[in-house]
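Based on the provided sequences and hints, a complete structural model is requested.
Spelled out from the first residue to the last, the chains are:
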Amino acid sequence: MKSYSLTRRLILTVLLLELALALCTTAAALLYEREQQMRTFDVMLRGRADSLLGAVKDAEDAADNVMLDAKAIDLGRDDLWEVREPSNRVLDRSEGWSRAWPDEPGSAALDSFFKATGRGHNFRIHGRSYRGLLIRGVRQIDQENNSPGISRPVVIYYAASLKPVAATLRRAARFLLLVNALLLLVTGAALLVLLRRGLRPLQELSRAASVITPAHWHFEPPPSASNVKELAVLATALQSAMLRLEQSFRQQQTFVHDAAHELKTAVTIIKSSLQLLASRQRTAEEYAAGLETCLGDSARMEELVHRMLLLARFEQGNPQAFARPESADLAESVSESAAQMENFAALSNIHLVSQAEAAAIVPLSSEACDTLVNNLVMNALQHTPSGGCVRVTLEVSAGEALLTIADTGDGIRAEEVPHLFERFYRGDPSRSRRTGGVGLGLAICKAIADSCGGAIQLCPNPPQGTLVTVRLPLAPAGASVQPAALVEEPRASSPDSGSGLAQPSEHLLKETR
Amino acid sequence: MRVLVVEDELRLADNIAAALREGPGYAVDIAYDGADAVHFGESGSYDLIVLDLMLPGIDGLHVLRRLRSQGQNAPVLVLTAVSGKASVIELLNAGADDYLGKPFDLGEFLARVKALIRRGKGVGHPVIKIGRLAIDTVEKSVTCGGSVIELSPTEYRILEYLSYHPKSVVSKEMLLEHLYDYNWERHSNVIEAHISNLRRKLNRGGDSQWIETLRGRGYRLVALRQESPA
Numbered sequence: 001m002k003s004y005s006l007t008r009r010l011i012l013t014v015l016l017l018e019l020a021l022a023l024c025t026t027a028a029a030l031l032y033e034r035e036q037q038m039r040t041f042d043v044m045l046r047g048r049a050d051s052l053l054g055a056v057k058d059a060e061d062a063a064d065n066v067m068l069d070a071k072a073i074d075l076g077r078d079d080l081w082e083v084r085e086p087s088n089r090v091l092d093r094s095e096g097w098s099r100a101w102p103d104e105p106g107s108a109a110l111d112s113f114f115k116a117t118g119r120g121h122n123f124r125i126h127g128r129s130y131r132g133l134l135i136r137g138v139r140q141i142d143q144e145n146n147s148p149g150i151s152r153p154v155v156i157y158y159a160a161s162l163k164p165v166a167a168t169l170r171r172a173a174r175f176l177l178l179v180n181a182l183l184l185l186v187t188g189a190a191l192l193v194l195l196r197r198g199l200r201p202l203q204e205l206s207r208a209a210s211v212i213t214p215a216h217w218h219f220e221p222p223p224s225a226s227n228v229k230e231l232a233v234l235a236t237a238l239q240s241a242m243l244r245l246e247q248s249f250r251q252q253q254t255f256v257h258d259a260a261h262e263l264k265t266a267v268t269i270i271k272s273s274l275q276l277l278a279s280r281q282r283t284a285e286e287y288a289a290g291l292e293t294c295l296g297d298s299a300r301m302e303e304l305v306h307r308m309l310l311l312a313r314f315e316q317g318n319p320q321a322f323a324r325p326e327s328a329d330l331a332e333s334v335s336e337s338a339a340q341m342e343n344f345a346a347l348s349n350i351h352l353v354s355q356a357e358a359a360a361i362v363p364l365s366s367e368a369c370d371t372l373v374n375n376l377v378m379n380a381l382q383h384t385p386s387g388g389c390v391r392v393t394l395e396v397s398a399g400e401a402l403l404t405i406a407d408t409g410d411g412i413r414a415e416e417v418p419h420l421f422e423r424f425y426r427g428d429p430s431r432s433r434r435t436g437g438v439g440l441g442l443a444i445c446k447a448i449a450d451s452c453g454g455a456i457q458l459c460p461n462p463p464q465g466t467l468v469t470v471r472l473p474l475a476p477a478g479a480s481v482q483p484a485a486l487v488e489e490p491r492a493s494s495p496d497s498g499s500g501l502a503q504p505s506e507h508l509l510k511e512t513r
Numbered sequence: 001m002r003v004l005v006v007e008d009e010l011r012l013a014d015n016i017a018a019a020l021r022e023g024p025g026y027a028v029d030i031a032y033d034g035a036d037a038v039h040f041g042e043s044g045s046y047d048l049i050v051l052d053l054m055l056p057g058i059d060g061l062h063v064l065r066r067l068r069s070q071g072q073n074a075p076v077l078v079l080t081a082v083s084g085k086a087s088v089i090e091l092l093n094a095g096a097d098d099y100l101g102k103p104f105d106l107g108e109f110l111a112r113v114k115a116l117i118r119r120g121k122g123v124g125h126p127v128i129k130i131g132r133l134a135i136d137t138v139e140k141s142v143t144c145g146g147s148v149i150e151l152s153p154t155e156y157r158i159l160e161y162l163s164y165h166p167k168s169v170v171s172k173e174m175l176l177e178h179l180y181d182y183n184w185e186r187h188s189n190v191i192e193a194h195i196s197n198l199r200r201k202l203n204r205g206g207d208s209q210w211i212e213t214l215r216g217r218g219y220r221l222v223a224l225r226q227e228s229p230a
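Chains as they are written, first to last, in this note's numbering: chain A, 1 to 513; chain B, 1 to 230.
Hint data in this document are derived by calculation from the structure and do not stem from the laboratory. Please read all numbers here as calculations on a predicted model, not as lab measurements. Any given hint could be a false lead.
What the hints assert, rightly or not - Distance condition first, Cα-Cα at most 16 Å in a straight line; then the derived EDC-like pairs of lysine to aspartate or glutamate:
| hint | chain 1 | residue 1 | chain 2 | residue 2 |
| --- | --- | --- | --- | --- |
| 1 | A | K271 | B | E108 |
| 2 | A | K271 | B | D14 |
| 3 | B | K85 | B | D98 |
| 4 | B | K121 | B | D97 |
| 5 | A | K264 | B | D97 |
| 6 | A | K115 | A | D42 |
| 7 | A | K271 | B | D105 |
| 8 | B | K201 | B | E212 |
Right, dumping it as structure tokens:
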């Protein structure tokens, strides 16, 4: 779409509208003026015709001639007039008359020019406009010798040039158009100024928005914009959008920062291992052991990267989740996880009990469900000493799924609780060294629970151990459950280095609280 | 020399400790968190502290401040994965002597460690000269009047430590504290045996004593002005 200026478009529209209106009113005013002018003209014509009639009446001549002195009576010099008797005998006429009608037309012919309606009638002759009227009168001729006078009817044709009227109308039209043009100019200028002033808050708003950078997210809508009802909506929308963006940006930044720190450390370990190995001549056995160590270091780094990506994915949420909401049975994940961990539990001499009777369809992918349950169960197993017990229960009540994992392990300290879900937090360093975790397991679990509006909580489980409680909302009825077989294995696409991470249970072994 | 390594990452701590033990032959104690670091710093005498900035429990900067306020004067080399001028300035102002960004080069790390130890002892030149005796702290070699004296690692470490404190008395306890880490079974007669071996090697071909024994107080390395040509 072509870009356009709102100001220009608005001004143009208003001016065009005003021009059309001005033309209409000018036309109406001119029509009215013309009508008035014609009335005045008619009065003038009748006056002149009457004066003529009076003069004719007064003319005394036995031969019935009227000898008029046109200058004596006040008649227009260029007026056309003729005085006739009904018998078409012409008593007198103006000078112009014979020029207009040189062939002396009969009264019937003159009827097309002069109409006996009492009002003037316009006509053109020889390219000039005239308005004429016709009056009838009676002429008294006094007899000498005191005999009664003779009455003779007369017809007076009188016409005058419309030239002055046309000139007046032209002048009026010119005046009206000038005034309207001036009005248009004033309107245009006023509109421009008003629009400029009116749009200033918008400019201020855009100025405030344009200073936003990744380093400076603060957006305070200028008061001038907030006070404008139409702009306040935009300003508020911008402000909340900026807040959301900033939050997400900060989250990303923190993540990148944390990830960089962890990766730097991981790289340092590998690098120092290799440099240590190369620092002097060693035996073949020492080299083999050193390489084994380096391989272990890189496996741990791989695990770190994998978990960071997993966390990033769950924290950002699935953008397609709105279009294609996923749901899976948490009970299935619980029983699968219990089956997977059975061997590990038996090896560590821990009693693992799982209880998931009813299906709990939650709005998560089955991958997310598996990750959540596996992480928590493995975590509990790792923090439970030999001879302990880990109990996993899944209940469905009041529209939510309640997953609890209780262990009889070494428990948690009160001061640890606020940090437990922090990324890369490793509670007890001696414990994290033992389990070799990367400190992302609980952060991932929290991200999964948060992604579907659930909650996760860790608290001491008296008399001994830890109790993890996960509350997840149930998926709306009718949501299709993803069959486990169709779920994409997240690691299937990435080439596996064969460093012992291929089996899920083994890389879960590295998880820690 | 005895070094305290404060690093929560088990593998990295092990590598650093191995490098310090294998290379310059230092005694190394490892603290895996801030609380341990403070505890070690209080009880042990160190010639250098290697401190990671990100630690569970008490973070590195607080550990540094605690150590300094306890009167710990050993040079501190900070390992950090955080880049940025502000944190570096804060670190140095809190009492750190140097810092190294992760991932670092092990060679550079060791060079910095040696330089910091030298500086901590008030020595500038990597080769310490006492009379005709020259102790190269980089190459770990000892020469006397140009001829090389072959020493065992422990003998070298004793001589190096003594050479950093010339003309002053170094007690057996000091030697034990600075040459062995916590895992070592300490016996003062081990020191005596090493000292006697060292003396024998240094005095080869001469009868003057480089190392004086002050009964009940310790040992003193003295510079001999002249040696009999015989």
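So, going through the hints one by one against the coordinates:
Distance restraint check for K271(A) and E108(B): the Cα-Cα separation of roughly 13 Å lies within the 16 Å cut-off, and the hinted pair is therefore satisfied. Distance hint between K271(A) and D14(B) is fulfilled; the C-alpha atoms sit about 13 Å from each other, no more than 16 Å. Distance restraint check for K85(B) and D98(B): the Cα-Cα separation of roughly 13 Å lies within the 16 Å cut-off, and the hinted pair is therefore satisfied. As the CA atoms of K121(B) and D97(B) are separated by approximately 13 Å, the hinted pair is consistent with the 16 Å bound.
Restraint check for K264(A) and D97(B): not satisfied, since their Cα atoms lie roughly 22 Å apart, outside the 16 Å limit. Only pairs whose Cα atoms come within 16 Å are accepted, and K115(A) paired with D42(A) is accepted, the gap being roughly 13 Å. Straight-line distance between C-alpha atoms of K271(A) and D105(B) comes to about 8 Å, which keeps the hinted pair within the 16 Å bound. At most 16 Å may separate the alpha-carbon atoms for a hinted pair to count; K201(B) and E212(B) meet this at roughly 15 Å.
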